[in-house]
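Just so you know, the sequences run in chain order E and P. Position 254 of the first sequence, counting from 1, maps to 254 under my numbering, and the rest follow consecutively. Position 392 of the second sequence, counting from 1, maps to 392 under my numbering, and the rest follow consecutively.
What the hints contain is simulated information worked out from the structure, not anything from laboratory work. What you were told as hints is all true, and nothing was included just to trick you.
One copy or any two copies: either way a pair holds, since identical chains are not told apart in the list.
BS3-like mimics (lysine-lysine), calculated; alpha carbons at most 27 Å apart, straight line: (1) Lys123 <-> Lys58; (2) Lys92 <-> Lys123; (3) Lys552 <-> Lys92; (4) Lys181 <-> Lys58; (5) Lys552 <-> Lys123; (6) Lys58 <-> Lys552; (7) Lys58 <-> Lys92; (8) Lys123 <-> Lys181; (9) Lys90 <-> Lys123; (10) Lys24 <-> Lys58.
As the structure is a computational prediction, the values presented were derived from the model and not from experiment.
Protein chains: 2
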Amino acid sequence: MGLLRIALGQIDTTVGDLDGNAAKVLASVEAAKEQQADLVVFPELALCGYPPEDLLLKPHFLRDCRRALDGLAAQCRGMCLLLGFPDTAKGKVYNAAALIHDQRILAVYRKLELPNYGVFDEKRYFTPGSGCLVFEVNGVRVFVTICEDVWVEGGTAERYAEKNHAHVVVNLSASPFHAGKLATRRDVLAGFARRTGAFVCYANLVGGQDELVFDGGSLVLGPDGGLIASAERFQEDLLVADIEGDAGSEATHPRQMSGRWGRRIAIQSEHASGRVAAPPRVAPPLDRVAETYHALVLGTRDYVRKNGFSRVAIGLSGGIDSALTAAIAVDALGETNVIGVTMPSQFTSGETLSDAALLACNLRIPLITLPIKPIFAAYMDTLSDTFGPDPPGLAGENLQARIRGNLLMALSNRFGWLVLTTGNKSETAVGYCTLYGDTAGGFAVIKDVPKTLVYELAEFVNRTAQRNVIPRGILERPPTAELRPDQKDEDSLPPYAVLDPILRAYVEEDKAADEIAAEGADLGRVREVIRMVDRSEYKRRQAPPGVKITPKAFGRDRRLPITNRFGNGRAGAAKAPAT
Amino acid sequence: MGLLRIALGQIDTTVGDLDGNAAKVLASVEAAKEQQADLVVFPELALCGYPPEDLLLKPHFLRDCRRALDGLAAQCRGMCLLLGFPDTAKGKVYNAAALIHDQRILAVYRKLELPNYGVFDEKRYFTPGSGCLVFEVNGVRVFVTICEDVWVEGGTAERYAEKNHAHVVVNLSASPFHAGKLATRRDVLAGFARRTGAFVCYANLVGGQDELVFDGGSLVLGPDGGLIASAERFQEDLLVADIEGDAGSEATHPRQMSGRWGRRIAIQSEHASGRVAAPPRVAPPLDRVAETYHALVLGTRDYVRKNGFSRVAIGLSGGIDSALTAAIAVDALGETNVIGVTMPSQFTSGETLSDAALLACNLRIPLITLPIKPIFAAYMDTLSDTFGPDPPGLAGENLQARIRGNLLMALSNRFGWLVLTTGNKSETAVGYCTLYGDTAGGFAVIKDVPKTLVYELAEFVNRTAQRNVIPRGILERPPTAELRPDQKDEDSLPPYAVLDPILRAYVEEDKAADEIAAEGADLGRVREVIRMVDRSEYKRRQAPPGVKITPKAFGRDRRLPITNRFGNGRAGAAKAPAT
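Bound conformation, chain E alone (with noise of 0.2 Å):
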């Protein structure tokens, strides 16, 4: 009876850096021969970071990563490792993983299940595989999945695996997080688990890669679906379990159902004698405001940082989204790379100004100050024959924004900071934002947080700092956009306790306006909400990327037109609005 010791290595890679990305890998096997490992496990597509989006359709693209895996494998003496990478064969792209042993490419599992909605496009790249892997560690079945292969209940890859009598099950996965996702994910493995009585090892990807993050927290699962090992979420991790063979597992020899690999695969580690035994490590639970806020500090740490960037700037408005953007950033950064700019004009009130600056006070940041109404009366002045004499109005409005997006953008020109912008998701939802203007920037912390959350979030922080990093006062005062005297969000939305359900119904849930209504809505605000949804769609069209930490982001997960006549709420044709 044969004991396999498994190590997830849980990267954090980057798309496209193949030398980097194979570097992490190498470092990661070392780490798990000193721990005696007799199997490393890393997630889909380790070698390219994953997604690679449209790198896939570029041949040299392809032919560099292979190149990188041959060049890995030599490399990789004496040790045993499953690696995802994307592999070519007649012209077709697979999402494959490398079983590589003591420098040699022993052979290549190809994904069968090739997700295509939300946020993942594989279809477009990937053929399906048609065949297992099946192979002995010591005497122990090994079988090999990657992600989506699991998720499918009663699919090909469950059928091979129990006709395989697996008795491990590795998932090769890049499982990009929402809140509460880890729960979804642990049932879904649990239930493969129990269905083909096999452990389960799962190694998930780590860090963020443009909109998404994906969380880590690989796992080791009983065949009765029961945790074993857990690793660190948000971070880097090796995580290492030994699991102890069945009896008959020896005796029965794997049939491969179907593929290029007919032969058996038996590979006795260098590592198995006169160890002591590795005792299993859970990591702790997070709740879900906890890992949303470490979600939002992964996802924005790893684009600034993989973008070539080291400094960032936030305009700080004494509001509650830019305090905790800010706070994020520190998080994420270390307050000596994170520049707070206050840009007052005529509306900004003197609490709002004191609140911006101790905020920077409390978060150790430095403030530059910009008041804005020099440049805006030379707007005005400008305008002013064309205008007429008619007050600006909202073009006014919007104005005060844009020049505040210029002079953060001049800043990161001038000094090479990234301008992170503090739009949250409810903002973004209904449009309540100026193009140009506050959503100017290259990151978008919070665009996928709904206000409500921000609030539960800026809690967090203060919470957890045991101080109050975010000013009271920032918590408290009612929200506004400070662009004419005495506005308050409020006096153009619901209350966000109203608006955030119904937004999430209709974005997140794809609920009809009356089907948002029956669950207690008013009707009448339900279609106005959806109508301010729709008529949005462009200006998120120009929004920059953030970090998805809901089902359903705006962005490559939800696709819908611009020119867009449908609608629940709407009257007429769809009049979008210029700002």
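Got chain E; can you put chain P on it based on the hints?
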């Protein structure tokens, strides 16, 4: 031996406008009835518009489509038509065609082949069909296909058509335009006709939808692949053609390969007796530059109007890009609906200013002049402490472009004009543009037009008008952004005649640097261009939509990650600039 008079209803639908689209269908049905047609064929998904994207994920959208289909069928007395709509059954969605005859839906065909490449995401939404639909009108056997079905050589539709002895193959299509596409399409359809020995009647969509233009040009081809009739391009049309049945067609029963409708469908038209022959009509061909120009006009007109705007504003720099954009806008919307805005700075030359004025005069559009110098001075004054004594450099250049963007958006906000941006594909590719500056606006008319083609289109405008609508000075002056003294595009970029072929090879053909250099370009220069393209991805992500006219446009056609360290021409980490 029967005769089939077929009408192809080439209509310009709007996505989501179920009532409006149904009204267009009914109007075409009436027109076809007047011409004594037996069968009217409409484009793919004509009922809901194409592509509906994630509207297809909304159950209430699908329900409304079904309701609209039933309502429409009830109004089609005494007529036979084929209409594209999204069909649903058991939680699945199909890209389908309804056969409607005399107020009843006789059968539904479901598309077999689902494109999931380029701009297409059909596997995100649809399940492929499994059967075929054959029916007889006046004894002539008609076989139904939808778009991609006929693009797969030797595919299922082709086999079914042969086995069913199709006499006429109809194709409901929504085939997006790019320059040269019509010839490809005719080759594909002619091949299908020859291989199956059937007439091919191809009904294409016409009109603009966000980034796509559907060019119409519906066709009737003979069994030898020869052209019998063709509809106008870039406008609505009803193409009528008579097709004689073969002697044997009434003798053989159609064999249903699979699917729900095993019964024989034989329709006798009310209009078949006593009519005179309809002479086939062939639309005149358009050359590459002409068809591109018409695509830009139609795409602009439909984007503006379908989104509820009537007037547009364009910043006229005195350069060729804005001149061409303005000429297109005038052709699309009429001279009374286009407003030129010139925004001179200290770097604007007298020639460019007077050329802008001359252009506006030639186009008969008003010209608003808004000098930017005082606003620029106000910004510089505000930033002086932070920037210090050094000249502002790139930050100052971008600021000028952003002031212009703000002024245009202020006019937009105040007067409800949509801002058209003027950047071409060469600039967009290498990032030679200012985010929130010259990229600020609702629609980017020529974003997919390489600079060398901009010149050809400008000459086309003058040739067509038989006068220099676009002043010769604009055509002959070396391109310049005029953001610093004596600036020329060629200070920063290779000459466009060198740049454009490199861009086509890299962006549209996915070639590697060494492959492009092997075609004659300097390897160092190729690498530098690739580096510029890769690092500008974040800018393109925030750019407005514009008309696709090449085989691969930026946008849904080309999906590259922003965070991306892969690249032949790059050394080390990717540093995305902040502009």
